[in-house]
Amino acid sequence: MYVIVVGCGRIGLHLTKALLAVGHEVTAIEKDPVRCHNVADELGSVALQGDGSSLDTLKEAGASRAELVIAVTDADAVNLAVCQMAKGMFNTTRTMALVKNPSHDALFRLLGVDRVINSTHLILSNIEEEVPSRALIHLLGLQRHSMDIVALSIPPDAAVVGKSVSELVMPPNSFITLVVKDEGPTLPHEDLVLHAGDDVVAVTVPDEEQALYETLTGVE
Amino acid sequence: MQVLILGCGELVQHIAPALIGESYQVIILDEHQRCPDPTPRYPGAETVPSTGVLMEDLQRCDIDDVDAFLALSEDDNQNAMAAQIASHIFSVPKVICHVGNPSKYNAYKNMGLNVVSSTATVSENMLLYLKDLGCM
Chain F
1 MYVIVVGCGR IGLHLTKALL AVGHEVTAIE KDPVRCHNVA DELGSVALQG DGSSLDTLKE
61 AGASRAELVI AVTDADAVNL AVCQMAKGMF NTTRTMALVK NPSHDALFRL LGVDRVINST
121 HLILSNIEEE VPSRALIHLL GLQRHSMDIV ALSIPPDAAV VGKSVSELVM PPNSFITLVV
181 KDEGPTLPHE DLVLHAGDDV VAVTVPDEEQ ALYETLTGVE
Chain Y
221 MQVLILGCGE LVQHIAPALI GESYQVIILD EHQRCPDPTP RYPGAETVPS TGVLMEDLQR
281 CDIDDVDAFL ALSEDDNQNA MAAQIASHIF SVPKVICHVG NPSKYNAYKN MGLNVVSSTA
341 TVSENMLLYL KDLGCM
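Chains as they are written, first to last, in the numbering used here: chain F, 1 to 220; chain Y, 221 to 356.
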């Protein structure tokens, strides 16, 4: 597969190496001449110096035959422009962009970026996993539907302890999909009673996350 | 009429006083806050430090109530993103985006943005002028 990576900071450089290592053809575009020179020293003719959001540079990189363009510069506006130019003017099959500001996530998707990687969100979910108590852990984002798969552990003092799944009043667009008990995982059938320490996996929308969290962990 | 302008280059320095003269209410978003002393230069215009691409900044400027948004900074990518936020997220009735690089003009036009390019306009005028002078 032919992939164009725009932005050779730490993320772009590692990404380029990883893609090359699994046998993809890669062009890495970097604006800064010094940084680009360093990439060229390390990876050879893969590096192309230029502004990845400009049509001339994308043309030189052969954007029209690229199956994937990945924009990972440190500026959200540049990453959006790269994807929009690739898609709009070169019909690149798929575009992927890094966003720093979480509020740009939905905007980028609205404006046609196929896959949005939210660095803040990723770091946050890693931190959440490390924080022991009462965290709502983001497991996966279902991008196309703007939904999230989350997990949390039922605390001992939660109002839902001892209640069955059918007694729960769930927020809109939120569903429990799996309950993991000490004995093992089980589907959330109506009579299943929740106990302290059960791990619950649920699907929800970003706006209802807090409500879901309160439903499952709130004290009466 | 309320107009929100992103940028503070020569274009803005020219257009802001003109709009103020026509009794528009003007707010200028300037990333570096390097507007040359906005108060005496543009009496009545408010200057806010912002890149124009942060939704919180735009909300603070009451973007929901503005009649027009002009993205006129010197950074094409920033202009395009700010203009698309203004039109797609905040539904500002009139949005105009400036791009310096004329090759991007069509790209953004195809995406439904109202685009102006000073470079393209000046080049066209130059060529017409040269033709008039018999140089071409």
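It is possible that some hints are incorrect.
Unchecked claim - Covered by chain F, per the in silico footprint, the following chain Y stretches (three or more residues, Cβ under 8 Å): (1) 284-297; (2) 308-321.
To be verified - Result set (DSBU-like, lysine-lysine): computed pairs, CA atoms no more than 35 Å apart in a straight line: (3) Lys-351(Y) / Lys-17(F); (4) Lys-314(Y) / Lys-17(F); (5) Lys-351(Y) / Lys-100(F); (6) Lys-59(F) / Lys-329(Y); (7) Lys-329(Y) / Lys-100(F); (8) Lys-329(Y) / Lys-181(F).
Claimed, not checked - Examples of chain F residues toward chain Y, derived with CB under 8 Å: (9) Met-1; (10) Asp-76; (11) Val-78; (12) Met-85; (13) Met-89; (14) Thr-93.
These are calculated hints, taken from the structure and not from any lab test. Where a beta carbon is used, it is the ideal one built from N, C-alpha and C, also for glycine.
So, going through the hints one by one against the coordinates:
1. 284-297: It holds: at least three residues are needed, and the segment 284-297 of chain Y offers 3 whose Cβ sits within less than 8 Å of chain F.
2. 308-321: holds (count 3)
3. Lys-351(Y) / Lys-17(F): 53 Å, violated
4. Lys-314(Y) / Lys-17(F): 45 Å, violated
5. Lys-351(Y) / Lys-100(F): Between Lys-351(Y) and Lys-100(F) the Cα gap is close to 49 Å, so the pair fails against 35 Å, i.e. violated.
6. Lys-59(F) / Lys-329(Y): Judged against 35 Å, a Cα distance of about 19 Å means the pair holds.
7. Lys-329(Y) / Lys-100(F): At roughly 27 Å apart (the allowed maximum being 35 Å), Lys-100(F) and Lys-329(Y) satisfy the hint.
8. Lys-329(Y) / Lys-181(F): Violated, because 56 Å separates the two Cα atoms, which is more than 35 Å.
9. Met-1: Because about 24 Å separates Met-1(F) from the closest Cβ in chain Y, which is outside the 8 Å limit, the hint is violated.
10. Asp-76: Because about 7 Å separates Asp-76(F) from the closest Cβ in chain Y, which is inside the 8 Å limit, the hint holds.
11. Val-78: Cβ of Val-78(F) sits 5 Å from chain Y, so the hint holds.
12. Met-85: 6 Å, holds
13. Met-89: At 5 Å from the nearest chain Y Cβ, Met-89(F) passes the 8 Å test, so the hint holds.
14. Thr-93: 18 Å, violated
Hint violations for this structure: numbers 3, 4, 5, 8, 9 and 14, all remaining hints satisfied.
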